[in-house]
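Participant: Sequence:
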Amino acid sequence: MSTTASSASSAHSSHLSPAFPGRAPWGTASKLRAWQQGAMDEYLRTQPQDFLAVATPGAGKTTFALTLASWLLHHHVVQQVTVVAPTEHLKTQWAEAAARIGIRIDPEYSAGPVGRAYQGVAVTYAGVGVRPMLHRNRCEQRKTLVILDEIHHAGDSRSWGEACLEAFEPATRRLALTGTPFRSDTNPIPFVGYAEGRDGVRRSVADYTYGYGNALADGVVRPVIFLSYSGNMRWRTKAGDEVAARLGEPMTKDAVSQAWRTALDPRGEWMPAVLRAADRRLNEVRRSIHDAGGLVIASDQDSARAYAKLLREITGEKATLVLSDDAGASGRIEEFRLSEDRWLVAVRMVSEGVDVPRLAVGVYATTISTPLFFAQAVGRFVRSRRRGETASVFLPTIPSLLGFAHELELERDHVLDKPKGKEEEDPYAEEAALLAEAERERDEPGAEEQLPFEALESDAVFDRVMYDGAEFGMQAHPGSEEEQDYLGIPGLLEPDQVQMLLQKRQARQIAHSRKKPDAEADLVELPADRRPVVSHKELMELRRELNSLVGAYSHQSGKPHGVIHTELRRVCGGPPTAEATPGQLEQRKLKVREWATRMR
Numbered sequence: 007m008s009t010t011a012s013s014a015s016s017a018h019s020s021h022l023s024p025a026f027p028g029r030a031p032w033g034t035a036s037k038l039r040a041w042q043q044g045a046m047d048e049y050l051r052t053q054p055q056d057f058l059a060v061a062t063p064g065a066g067k068t069t070f071a072l073t074l075a076s077w078l079l080h081h082h083v084v085q086q087v088t089v090v091a092p093t094e095h096l097k098t099q100w101a102e103a104a105a106r107i108g109i110r111i112d113p114e115y116s117a118g119p120v121g122r123a124y125q126g127v128a129v130t131y132a133g134v135g136v137r138p139m140l141h142r143n144r145c146e147q148r149k150t151l152v153i154l155d156e157i158h159h160a161g162d163s164r165s166w167g168e169a170c171l172e173a174f175e176p177a178t179r180r181l182a183l184t185g186t187p188f189r190s191d192t193n194p195i196p197f198v199g200y201a202e203g204r205d206g207v208r209r210s211v212a213d214y215t216y217g218y219g220n221a222l223a224d225g226v227v228r229p230v231i232f233l234s235y236s237g238n239m240r241w242r243t244k245a246g247d248e249v250a251a252r253l254g255e256p257m258t259k260d261a262v263s264q265a266w267r268t269a270l271d272p273r274g275e276w277m278p279a280v281l282r283a284a285d286r287r288l289n290e291v292r293r294s295i296h297d298a299g300g301l302v303i304a305s306d307q308d309s310a311r312a313y314a315k316l317l318r319e320i321t322g323e324k325a326t327l328v329l330s331d332d333a334g335a336s337g338r339i340e341e342f343r344l345s346e347d348r349w350l351v352a353v354r355m356v357s358e359g360v361d362v363p364r365l366a367v368g369v370y371a372t373t374i375s376t377p378l379f380f381a382q383a384v385g386r387f388v389r390s391r392r393r394g395e396t397a398s399v400f401l402p403t404i405p406s407l408l409g410f411a412h413e414l415e416l417e418r419d420h421v422l423d424k425p426k427g428k429e430e431e432d433p434y435a436e437e438a439a440l441l442a443e444a445e446r447e448r449d450e451p452g453a454e455e456q457l458p459f460e461a462l463e464s465d466a467v468f469d470r471v472m473y474d475g476a477e478f479g480m481q482a483h484p485g486s487e488e489e490q491d492y493l494g495i496p497g498l499l500e501p502d503q504v505q506m507l508l509q510k511r512q513a514r515q516i517a518h519s520r521k522k523p524d525a526e527a528d529l530v531e532l533p534a535d536r537r538p539v540v541s542h543k544e545l546m547e548l549r550r551e552l553n554s555l556v557g558a559y560s561h562q563s564g565k566p567h568g569v570i571h572t573e574l575r576r577v578c579g580g581p582p583t584a585e586a587t588p589g590q591l592e593q594r595k596l597k598v599r600e601w602a603t604r605m606r
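Residue numbers are given in this note's numbering: position 589 of the sequence shown equals residue 595, and the series is strictly consecutive.
Please note that the accuracy of each hint is not assured.
What the hints assert, rightly or not - Across the chosen pairs, the derived CB separations fall in these ranges:
| hint | residue 1 | residue 2 | range |
| --- | --- | --- | --- |
| 1 | Ala513 | Leu596 | 20 to 30 Å |
| 2 | Pro54 | Gln490 | 22 to 32 Å |
| 3 | Ser563 | Leu498 | 14 to 24 Å |
| 4 | Met506 | Met139 | 52 to 62 Å |
| 5 | Ser345 | Pro54 | 36 to 46 Å |
These aren't lab readings, by the way, just hints derived from the structure by calculation. For clarity, every value in this text was computed on a predicted model and none was experimentally measured. Ideal placement from N, C-alpha and C gives every residue a C-beta, glycine not left out.
Start from the sequences and build out the full structure, keeping to the hints where you can.
Facilitator: Given below as structure tokens:
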């Protein structure tokens, strides 16, 4: 690094508040993290008009950007700052972070001259798309630094990309930030450079990259434990056919999608079981991190409301519910961030950029299956505050999600070109379709006609734990001693201690399972040759009868189906409905009839 760059870095950091950044390296709270200093050094060495910094969620992109902005303002390279963020809530978050180092940003700016009290504004990509010339005029009138937060959003639509190009082409400096530079489509991202590889495909080129693997090694982010849950699903198609499948087993894309949606139905047994398991995990984490919180990411507003209700029944405490990206939602997120409340339930808006460092447990309860969304969602849980913190994310056993979990440490770039060839050989076609599905609102006209189904029955089975690219554990029923072994992993552990503990608990589970006599073992624990032979038709009929009784009792009592099934298992014993024996199913039918009779 040159002497000039070194002295410049020292000068810019000397006037920062000792409390900023709030999550600096251990014991160096008044200094930048190593990667932030490295990115600063690279920027000051080259002094480019455009600079793309790729850093894993939770690494501190905001700190780096505002530190650089402070330097550019201090040295009169620029006179004002414009921050472009994906959401309304993030505008306020940027303004608050900037205020902590003495940069005054107006997050409410809409038009006209900026107040003299401010050194810049924060706007959304959507806002730029509506009035690009307003922002172009501001850039032309004064030397401007434009910070493009999560720059991949500028490629969300051609109009947004064109608006950003038009608005910020005259800017003196442009700093693009992202934790996930890749996109599932080929829309070009403005102000991002691309280089052609040997395969003839152009990919984005970052000026500085700091990936999750590096951040994990530096202790900047938390290691993530993924807990996967399988189970038997049953649903009815529009044609009236009943379909049954088990999560994780090979099936068609449509069947995977419908089984997944059946699992996430709050009226079944899968979601209540997984939420209970996640809350037990949160209890364990809060033993050592007293303010640890959990986040459920839902697919739509109706599901979010239902999950919040389930959490209230499970925990006895009200969950914070965030349904849309409005001023009220921002306030609720901020209240949750500053509180010690247990659970936050939200639709997609909390998946990206929102800074709630105390989030340590997550439930991925959405059918969005793009790597971009998954990486951003997991990024909500990896923001480390102290050494030894771990994050836990609960997933359905869906092959694509398990693949994303295993590949968390891989670096990806935005691919601008699709490989030439036949459409059926295009590896990007499926992901492009998934992105289109993810970005469509569930209540849009025509959405249900494309994938009609009625969820009939679901149950949950603890499947496996994934950590650092390895898998641990074998199937066990919710509430079992085997499941609790994994849910009870301490919340404060070094990464190598997590792996060692998982290996020990897996060995203990296998040894314990082998000692069980067949009469005491759960069916999922028995080898296929030791499982009792039962008529499939007989079982299906008994399950239908039980579900019909549960449905009638649900209507009579007002309790959700999943809650009733769980209570039946608690009172009568045995595994979930899909694994229960004919005798266990008959016992549950009698118990439901007894409950219904008492209410008359």
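Participant: The structure should be examined with respect to each hint, and the outcome stated for every one.
Facilitator: Results of checking the hints against the structure:
{"no.": "1", "hint": "Ala513 - Leu596: 20 to 30 Å", "verdict": "41 Å, violated"}
{"no.": "2", "hint": "Pro54 - Gln490: 22 to 32 Å", "verdict": "54 Å, violated"}
{"no.": "3", "hint": "Ser563 - Leu498: 14 to 24 Å", "verdict": "42 Å, violated"}
{"no.": "4", "hint": "Met506 - Met139: 52 to 62 Å", "verdict": "60 Å, holds"}
{"no.": "5", "hint": "Ser345 - Pro54: 36 to 46 Å", "verdict": "42 Å, holds"}
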